[in-house]
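Novice: Chain residues, written in single-letter form:
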Amino acid sequence: MTPFDLREPTSIKEALGLLNAEDSSVRPVGGGTALMLMMKAGVFRPTRLVSLRKVGGRFSGIKAAGDGSLTIGAMTPLAAIEHSAEVARAAPVITRTMPRLSNVRVRNVATIGGALAHGDPHMDLPPVLLALGATVTIVSPKGERSLAVEDLLTGYYETALAKDELIAEVHVPAQAGRRSAYLKFTAGSAEDWPAVGVAVSLEADRDTIRSATVVASAATSKATRLKSAEAALNGARLDDKALASAGEAGAQEAEVISDVRGSAPYKRELIRVHIGRAVRQAMATNGAH
Amino acid sequence: MNISGQITVPAPRAAVFDKLKDAPFFASCVEGVKDLKEIDATHYDAVLETKVAYMKFSFKVTVELTKMSAPDTIEAKIEGTPLGVVGRLTATSRTHLSEADGQTVIAYSIDSTLAGKLGSIGQPVLKAKAKDMEKKFTERLRAVFAAGGPQ
Amino acid sequence: MATTTIPGGTIGSQIGRSLPRLEARDKVSGRAEYTHNLRLPGMLHGKIFRSTIAHGRIKSIDTSAAKKMPGVFGVYTAEDVRKVIPNPYYGPAFHDQPILAMDKVRFVGEPVAVVLAADPHAAEAAVQEITAEYEELPAVYDEIEALNSKVYVHDELKPAGTFADLKHLTGRKQTNVALDFKLRRGDVEKGFEKAAQVFEHTFRTQKVLHLAFEPFVSIGDAKRDAVTIYTSSQGPSFVRTEIARLLGLPENRVRIRVPYLGGGYGSKLYIKLEALVTALSLLARRPVKISLTMEECFYQITKHPCTFRIKSGVDKEGRIIARKCEVFWNGGAYADVGPRVTQKSGFTASGPYDIENVHVDSYALYTNVTPAGALRGFGIPQLVWSYESHTDMVARALKMDPVEFRRKNILKKGAAQATGTPVKHAPLEAILDRVASRLNWGKPFDKGTGPVKRGRGLAIAIKAVIAPTTSVAVLNVTADGSPILYCGTVDMGQGSDTAMAQIVGEVLNVPAESVRVVPRDTDVTPYDMGTLGSRSLFHMGHAVRIAAEECRAKIEALRKELGEPEGSNIPVADLFKKKYGMQAGNIVGSGTYKPDYIPPQPGTGLTTNVAPFWMVAGAGAEVEVDTETGKVIVTRLINVVDCGKPVNPKIVETQISGATLMQLGFTMFEKMHIDGGQVTNASLADYKIPGIMDVPAVMENEAIDTVQPNGPFGAKGVGETATFCCGPAIANAIDDACGVRITELPLNAEAVYRAIRAQQKTPLEDE
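If you're matching them up, the sequences are chains A, B and C in order. Residue numbering for the first sequence follows the numbering used here, beginning at 1 and increasing consecutively. Residue numbering for the second sequence follows the numbering used here, beginning at 1 and increasing consecutively. Residue numbering for the third sequence follows the numbering used here, beginning at 1 and increasing consecutively.
Careful: at least some of the hints might be erroneous.
According to the in silico footprint, chain A covers these stretches of chain B (three or more CB under 8 Å from chain A) [as the list claims (entries may be wrong)]:
hint : segment
1    : 21-32
2    : 50-59
3    : 124-136
Read the hints as simulated data drawn from the structure, not as lab findings. Note that beta-carbon positions come from the ideal geometry of N, C-alpha and C, so glycine has one too.
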């Protein structure tokens, strides 16, 4: 690793001033757990890292609104989210995702904003947040904008963020009546990156499924909605046949990549199976969430 | 890593072959190829620059056309070294043209290996990028032949 | 334990104590000494430029840009190394490995040049500026391909000359076979003719590596006519001998110092970075340190992948009457200790069974991948994977119960094993019974409902400890009576210092905690063959015992000399005071141990004394197979091993659980993926080892109640034993659960899923 300039601004304004819209060797850094791997690999050699650790303000903390929505500062460590009573109430699927998200050392320093901005399709939170309909507030010298997580993720490591933009907050809308689940499948060690992740969020009218969101990750180049699976589920009753056809539709639709965690045909089978399992798990949760 | 596939273009095979054997044209379909220099009839030098998010990769490559047999086969060998990091890219590409109902089916197969640090730790990043490049390559080819062919 | 006739005699208060490790507090508080933390005045850091091709001739190496980089002290290639070490080839079996690649490179990742700088980051940056041109040659990666390939990794074989059975290979050309071990017992072809049924299967294991948490590190400090090397090594005595040979120096001019190791598992044997740092230090005239990154460990040494063709002839009663074993070991680009793995594991390739006709051919093969060496088991886990999977397959085909089939064929007490050596003190039947009874074998078992199927399986194994090897120890009882032990066994986390202190304590009747074990330093600690193959507790344990007994006898003699009555309990310190008039003097005892051994006959591999002790093991597994994904959860993992009388039962238990968990990773998912010679998952981000979430819900670790009569205080080694059976026990359980048989490791979810689909006649398409 070659030496670089490390800055620790204490305000958003100062942080934005240190970024560079033209220079991709200047990067913001949250917990650094993912970026450090890139630097160790030699695929990224920064000239400057802008640590957001000391920015504070709206970048940190978890706020629950009366309507059941959540606002989470981008620099909130995953461990804080894992142990937050507000998160457990408003979006318990996030809480359930945490124990198997990497390991406690990583969760103590990695941040929610970093998990989204890094754009790695193997991460667990992006598909979950996407399924929950979350949005991010993005700040830049030009001002502020809001973007759905679905639109934020554009490809393998690619996001819609410009080089001088920062995610400040993540908003999870009220989940009243929605049921959600996330299944992570590791083909080898339980602590490996997933071969496939499937997140679903849906409403149910007794055992009839409505407004399903189905997201695949890890096997695809970004967390991706599988709209044909959603279409197969919407209005269907929860039974093996409906789940099989949703799984089939999703498996056909997903653009799957093979890697050391599994071949593309295998991952397609995993998506097929896990769509049904995730829907069943979501339906089994308390409908109040 | 192997990338293979086929695309069908609405042009006669002979025309497609003529176009594809033209190195500058071929290179123009590959995203990120710069500074193509002809060394002789079968050898070229170029720089391949590619970006994944905020990560940039540059390769100095030499291309050797190892087989050129009209009207259906073009084979090439590509060797390259990444700039700024120890490594080596080697690839062989085989392109085969066949006729089908007045159209031409271009079947391609590229076997590549990447050695050194990028080949071990950077593999997932570059694998995803290669898929992306393949997509763009086929899009460009289709666009060229769809837009009235190469005549 | 009652009085026995075991060496050491009656067991008192120190043997059998679950004493916490002597160094535990230093380790957890970060104060234990490791080579990584050591810095010498004026020390330079080296970073390695590695080959990017699998096989080729070096045409040129351009180091000029690197030399101009800021902070660079120098850049060195094989040409420079030759100036200080004219014949820079090393290796325990073959002198085939150059300190830096000479003329040719033979695997992706082979060291070609080194940059030295005071700042490791400056060295790392400069490495990126080096370029090399190669004339690429065809490469061979697979062991079966290597057998008949026209691609030769080495132009000529260069045996080290230290092993008699390699001498005939000197100068051999146009071959990749570095050793062909043969064992012939009876007439296997006649056996097959007589057999009622003959079964033949082929098994494969994948390339995996040790991944000790402390990566390889060495510091060379070469001065005129004397060299000191600080290194993370499992075999300081071998390093001294080999460095002395390379430099043409007497052994007393080469000093090897080894503090604690952060794990070794066989990777840190023989020469790794030691010759390189020595050469660089000679060239730079400064101390030179090279510490590999975790990623670079993938290019140092690995386990042997292997292909095993096994054929068994069985008579009408279900007795195996003939077995043919053809084993092909993928040794990588340099032999390292591969030929020894090939030969020593060959002794027991036919398994723990009493078979009249046995034919073993075991081949060490060169290929163009990272070299392979010893890894916790010395080849045995690969063999057991094959022969115990085969055993179950044969039992199933014969419609015999797998336990009954084993019982029928198992080596009974005192029967001669394939080499002709009787298996004494190898409680195979007892271990099979213990595993079966723990599994409630023969009783109903819940096979699962829905997509999740349950199954159970078991395996048993035997290993002959590597022989003959030598250990020497010195014990110094100081003037206040406190003992200092000098022994070359390397404590790499297995707790050997604690065990050796317990042996001293037992003999001298003092608490083990009062014994100081000196860190390994070849100027101080005497010869030991190496910390490998579970040999240390037996061999060094005896040497330490003998040294302590000599001290005890000398103390007794001093008592007599000073007129103390027989049986007096006068403290040793008072004896010294009485003798010398003050707190002065010391008593020194030494012990050397080398067991009896009769070398196997060339061509037949037969001998009546192949090893001083046997290591036997059994494992049982219960699994759940998700037939919709292929995911296997090992819900219960049982290991029953024989280690004689446990010197430290707690350490024995952790050796059993640690060994089997390591093997669980090799069994279930670990694999080095190789593409065009390049390891494509060479980092812990992409190569995962078992974590806490992978530990089976129920683990049972048992050392069977027994005594090794010729072992020190009835004990023998246990470091490897629980690696043997894990793999086939799980594969047999998977077969029991869902009727699929997997013959190649690892048993990852995709492999199992594909097998299930193939069995359903709807095979999953390839890529």
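Novice: Please count how many residues of the segment 50-59 of chain B have a CB within 8 Å of a CB from chain A and say whether that reaches 3.
Specialist: Held - the segment 50-59 of chain B has 7 residues with a Cβ nearer than 8 Å to chain A, which meets the minimum of three.
Novice: Check whether three or more residues of the segment 124-136 of chain B sit with their beta carbon closer than 8 Å to a beta carbon of chain A.
Specialist: holds (count 7)
Novice: Please verify the coverage claim for the segment 21-32 of chain B: does it have three or more residues whose C-beta sits within 8 Å of some C-beta in chain A?
Specialist: Per the Cβ count (0), the hint is violated.
When each numbered hint is compared with the structure, a violation occurs for hint 1 only.
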